[in-house]
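Engineer: Okay, here's what each chain looks like letter by letter:
2 protein chains.
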Amino acid sequence: MDNKKKENFSEWYTEIIQKAELADIRYNVKGFVVFKPWSVITMEKMYDIYEKELQDKGHNPAWFPIVIPESNFTLEASHVEGFTPEVFWVTEHGRGEKLEEKLALRPTSETAMYKMYSLWIQGLADLPLKIYQRGSVYRHETKATRPFIRSREFYWIEAHNCFATKKEAVNQVKEDLETTETIMHQQFCIPFIGFQRPEWDKFAGAVHTYAADTLMPDGKVIQQPSTHLLGQNFSKPFDINFQNEKGEKDYVWQTCYGPAISRMYASLISSLGDDKGLRFPFELAPIQIIIVPIYKEENKRNVLTYSKKIKKVLERDYRIKIDDSDNTPGYKFNEWEMKGVPIRLEIGGREVENNQITISLRTSKEKQSIKLIKLKKFIRIHAREITDTLRKEADENFKEVIHNADSLDKLKSALQKGGFVRVPFCSIDIKGKECADIIKAETSGDIRGTKVNDPERPRDEDKCICCGKPAKNIVYVAKQY
Amino acid sequence: MDNKKKENFSEWYTEIIQKAELADIRYNVKGFVVFKPWSVITMEKMYDIYEKELQDKGHNPAWFPIVIPESNFTLEASHVEGFTPEVFWVTEHGRGEKLEEKLALRPTSETAMYKMYSLWIQGLADLPLKIYQRGSVYRHETKATRPFIRSREFYWIEAHNCFATKKEAVNQVKEDLETTETIMHQQFCIPFIGFQRPEWDKFAGAVHTYAADTLMPDGKVIQQPSTHLLGQNFSKPFDINFQNEKGEKDYVWQTCYGPAISRMYASLISSLGDDKGLRFPFELAPIQIIIVPIYKEENKRNVLTYSKKIKKVLERDYRIKIDDSDNTPGYKFNEWEMKGVPIRLEIGGREVENNQITISLRTSKEKQSIKLIKLKKFIRIHAREITDTLRKEADENFKEVIHNADSLDKLKSALQKGGFVRVPFCSIDIKGKECADIIKAETSGDIRGTKVNDPERPRDEDKCICCGKPAKNIVYVAKQY
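If you're matching them up, the sequences are chains A and B in order. The letter at position 396 of the first sequence is residue 398 when you use the numbering used here, and the numbering goes up by one with no holes. The letter at position 63 of the second sequence is residue 65 when you use the numbering used here, and the numbering goes up by one with no holes.
Think of the hints as simulated: they come from the structure by calculation, not from any bench. Among the hints, erroneous ones may be present.
When chains are identical, the list treats them as one kind, so a pair holds in a single copy or across two.
Straight-line Cα separation of at most 25 Å, PhoX-like style, residue types lysine-lysine; simulated pairs [to be verified]:
id: 1; residue 1: K8; residue 2: K222
id: 2; residue 1: K21; residue 2: K8
id: 3; residue 1: K47; residue 2: K59
id: 4; residue 1: K465; residue 2: K369
id: 5; residue 1: K465; residue 2: K453
id: 6; residue 1: K394; residue 2: K419
Source: prediction; values computed, not measured.
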């Protein structure tokens, strides 16, 4: 790698995307990116892991159409207001024939799904309804395209749920935040803080929005999965009603949750990568074990035979490959380190003679030689350790970047360093918007909201750093991607 | 089920889609269908199995944009000619702003992918290139919508390959037909005949098209995966060139392969289902084992405890559920048979007392009682047997519907019975089109092509059943979906 991640993150990110062949931005439609095998193999694993967790928690998969008729789209007023500027419209077919009705390429699927939900839900027996779909959504973004971080097509999962009571809906939102912890943090090694977003930064149509914010190496914040308490804001206009226990007509309570796989991938490679290139949690590596045979002409055959034997031992359980190309061993070491392969097995004449393997982990500088008979166990143990090591490192880095400030000036200088800044603030209700706007103008920082876990209460003497009124909330401010 | 599959297939198909909750046709955009969990869980498994096979054969996954700029789309003349009538066009964004260029919602991805291929391929080191993507495509069909069989959005895999030589491309086409056999026939239990399509029925832009045709229970044929030898028809206009061994500029040889998961699902439920409802290969069933507890008030607790114990034994390896709803055992038996669950475990007082389980297979009429200790082995063995039984039955049914004819009249009456009719035919070259048109007009039958495996040569005395000229080919005729 020519660029150092900490010194010049933006260039490092561009370089790794090209060198590791993760994506190609040369597709000839503005804002659309081609995702190449080395990223897609990992993102497909991320889908598998996320979908399994959702299914274990009672969600079922469905596939809804990618087009939404304009008449659906406009049913919920603030939703249409929020999303219309970003919609791509399908208006014609064939040789220029107009469609009867304009169709939105889904920017999100509430208005596709909830019309159907109103047909499916009649009584308590149909509730709760917990359905998700994996797929892509389309938003005509005006901000600059960055592969995985922001493009006009992105890949996510959206789960849309209906309940008979508000209480169940509130519990679902909590469950969603736990899912983010279990999967995104524990398995993908991406640390985050869960926030309740301020009133002025909610999802269009939601009662409350909760989101997981994580940090990029340059200290800017990026939003990861958000979950929304929709209340009855959609169920009323979409007429999703049921007969409750008293025999009365009632409207369902709804939530939705949107883990964006392509964007999580951005956080994953950014926060786990280093100056040699990519690093992956063991389960997510496209190739988990690379075998580099090291030979001269006289022992080439023996070394390759031994390499194949080892591959055979491991290939049932792991994604493994032998690099028998003509490149030098040194070139191969660099190449596969850059590509993020977690375990490298070096096999030369000495290894063949002694029935050994020399092992190098992407997460460690030392090499080890072990007996062939111990190989399977070694890998089983280290597979987990590699992931644990990466998660701990990421957690450590994350802790370092939470600062405190009790004035606008201090906030401004703290934000220069990057990361989150904790400040007392008048209110995340709509009344606080004026202060938020001033803070944004003065410091370029956004109010990300109040912490969901271990909620923080201001002390009696705490004053809003902007207007000086008594602080109702402790909020986190950060510069945003 | 109210309808019998053999007597009234069309009504049976509509009924099973509603009763088993496979799809909903009430989405308010014409031609677009909502796919519900009971079908999607199976189709996701079908994707997994198909993708694994492709990866094992050296294909890598990628994600290309869903929109294709008009300027790409028009590069290959017969492709644009063939597909333009069916394209949906994205023309606007936001509040009616025009896009700079019209974007096609991909009806197939040649013209999205091959522009990128021309950037990626420079020399022999970049070849072969074998990439696939899973996703949905869009075609403004005018024929009636039938869920899974035909709708304006369908779910498939498309594999697009580039080779340095024609020979490798021809071999790829053979490999694709083998993949169809290994996966669609062996694992999904859908028998087929592989055909080389006549010249007038090729994919738009192909040199040759090969396709797997299978039959629906009403005797009409349905096309399953097709694979196309594209030759250099696309690589020249898209400029996918490389430096060959002689250092000269050369164009790659291409193939593409398109297994449509949603359409294979149509064949699967149609050919395997019976008058009780769905039947699934064991690996593809959304629920593989259903436990039906049978109790009175006095032994309810014991029966449910024992049921949970059994679920626990099996749930690591199988998708299993206990139906502890308030419905009667008889209702539950019918319900889960209709839904196609392969194995039912009945558990009542007697089973608890004797440490037994009563087992009923969806593919057999008899029940068996076995000791708990033998349960795991029983299921392991029968899981495979269930799939084998379904495949054999499907193969038997398929054999019965191949007839012969040596005149137009005999063809016409043979086609009344449904299935394929083997006939001598002048030629599948473009010269034969006139005869094909006459046959279509007189009999409603389509020339599906010549058999790929065990190629059949006409005898010297064989004459085309239409024009009476010497027959160059033995072709199969069928009525088409």
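Engineer: So, for every hint listed, does it hold in this structure?
Structural biologist: To see whether the hints hold, each was checked on the structure:
Taking the shortest alpha-carbon separations for K8 and K222, only the intra-copy value of 13 Å comes in at or below 25 Å, while the best inter-copy value is 64 Å. In this homomeric assembly, K21 and K8 come within 25 Å of each other (Cα to Cα) only inside a single copy, at 18 Å, whereas the closest approach across copies is 58 Å. When the C-alpha separation of K47 and K59 is checked against a cutoff of 25 Å, the pair qualifies both within a copy, at 19 Å, and between copies, at 19 Å. In this assembly of identical chains, the alpha carbons of K465 and K369 never lie at most 25 Å apart, being 55 Å within a copy and 75 Å across copies at closest.
For a Cα distance limit of 25 Å, the shortest separation of K465 from K453 inside one copy, 18 Å, qualifies, whereas the shortest one across copies, 83 Å, does not. For a Cα distance limit of 25 Å, the shortest separation of K394 from K419 inside one copy, 22 Å, qualifies, whereas the shortest one across copies, 69 Å, does not.
Consistency note: the structure conflicts with earlier hint 4 alone.
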